[in-house]
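With these hints in hand, go ahead and build the complete structure from the sequences.
Residue numbers (the UniProt record's numbering), protein chains in the order written: chain A, 1 to 285; chain B, 1 to 285.
Possibly wrong hints are sitting among the right ones.
With a straight-line cut-off of 20 Å between C-alpha atoms, the simulated EDC-like cross-links for lysine to aspartate or glutamate are [unchecked claim]:
| no. | chain 1 | residue 1 | chain 2 | residue 2 |
| --- | --- | --- | --- | --- |
| 1 | B | Lys202 | A | Glu206 |
| 2 | A | Lys202 | A | Glu270 |
| 3 | B | Lys266 | A | Asp207 |
Please keep in mind that the hints were generated in silico from the structure rather than gathered at the bench.
There are 2 protein chains.
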Amino acid sequence: MFKIPKHQVAGHQAIDGNLGPLIDDSGRFYKPLQDDERGTTELAFYQSFSSMLPHHIRGFFPVFYGTQLVEASDGSGLRPHLVLQDITSNHLNPSILDVKIGSRTWYPEASEDYIQKVLEGDRLTTTVTLGFRISGLQIYESKESGYWKPARKEVKSFSADDVRLILRKFVSSNLEPEPDCCFASTIYGGCSGILEQLLELKAWFEDQTVYHFHSCSLLLLFDKESVLNGRTVPFVEVKLIDFAHTVEAKGVIDHNFLGGLCSFIKFVSEVLTDSKVSTIEASFN
Amino acid sequence: MFKIPKHQVAGHQAIDGNLGPLIDDSGRFYKPLQDDERGTTELAFYQSFSSMLPHHIRGFFPVFYGTQLVEASDGSGLRPHLVLQDITSNHLNPSILDVKIGSRTWYPEASEDYIQKVLEGDRLTTTVTLGFRISGLQIYESKESGYWKPARKEVKSFSADDVRLILRKFVSSNLEPEPDCCFASTIYGGCSGILEQLLELKAWFEDQTVYHFHSCSLLLLFDKESVLNGRTVPFVEVKLIDFAHTVEAKGVIDHNFLGGLCSFIKFVSEVLTDSKVSTIEASFN
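Structure, rendered in structure tokens:
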């Protein structure tokens, strides 16, 4: 009844006898509760967020159904799991981008060792320079080719230019030799597209002093075939995930998340603008 | 003819035979050009900024008049100085706040030793937690009491609550026992007040990919007496200063500065909102 998620692009995975999340057929996602502070923090977040957040922001988070004892994927027996909405369950062939937001993924209260370790990761990826990094992705190509899903090692070494290319590929029908960005206006643009959703999130982050989301990811998800078939609801999803390091804001906005989000918004809007320019140029040729 | 500036609140000071900036009687500020990379970087910034920035943003920077060989304040002889506008020269009794913006004052290309040293300073101040820190200030009290100017050591140890209190004191006629915030609506609010100017700067930072301003300060300056006398032009100034670590943006917005600026804007707007609430409450009593 429990299965290994087919569409996980980052994080611990329940393969080869490791501990990782599971899904079922009813659209639920079971995430093992870590047995240290990270588990306590993430559970506390999910238990509090729906009463703490304004209505129009709650949709950016997976639905939380409580906790449940589930046979762990590593064979270690029953273990408490967070029961969450499986965001991918409504999508046949989801293209997914996992973007860890913030130019700092460590939090001030952490131990010295933790800070130095995480800081090193931040400096080796685009986290420090861009204010975000891509943590994982899969892009649906076609029935024949399936998904393009670069290996973790490759993802970790992405440069700023790689990020720009990925953001173009993500909304293209062809990935090689030059992505056509043919879905850019529908997926990034439009009144319910990714950019509009990110701007809504940004407006909230300019004001909210409830949480600081360290090391949290934006998950962007859409289904190329539903775009091609003209289905509109809900073909683009923007969700926040991973709250093992989400702490109280103590009256201060999450300037680290906000700065990174604004940087990511700029990257996305550049793809949108460039694709409009290309369309206009093409219509003149 | 050259004098030690009376209203300097942070940075190297030309006292006790040290090297520091000088002013003259014509409203110019002479900043010694550091003879390492910092000097080169700051000079390159001043030489380029006016052609690189949109017109409405240039006013946020001191006017640059070139460089000049000037007798250094430490007696070491002639030395090249940046010749800049002395921002305080139009003000009789300026209240000044120097706010270093950004949750990170180190830049990715710096040496390991520099990063670790600066990071430590960032963690010991409010830089990491608030996304900015107060680097210095003076608040004019009255002809009798003069200025309140806390010592550097005290400024360095400011907590988030100290910052909130300073932002209230800055726009108050009385500092003790409880600041009255009587200038808040004029200085922070209003169509040419600090908040409006900061929001204009923010809109630019959401888009600009020209410079990354590491370890740069916002200087906020106003003159209580001109407010009391109803003079309006130009009684509130918002300037950016210190560009020894300003580097090319390489197509990425300055998310570090932007995040810190948004955090600072939130602090300022809270003082403004609270002062409005107090005024309404007072009018009911």
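For each hint, the structure was consulted:
1. B:Lys202 / A:Glu206: Holds: B:Lys202 and A:Glu206 sit about 11 Å apart, inside 20 Å.
2. A:Lys202 / A:Glu270: 17 Å, holds
3. B:Lys266 / A:Asp207: 7 Å, holds
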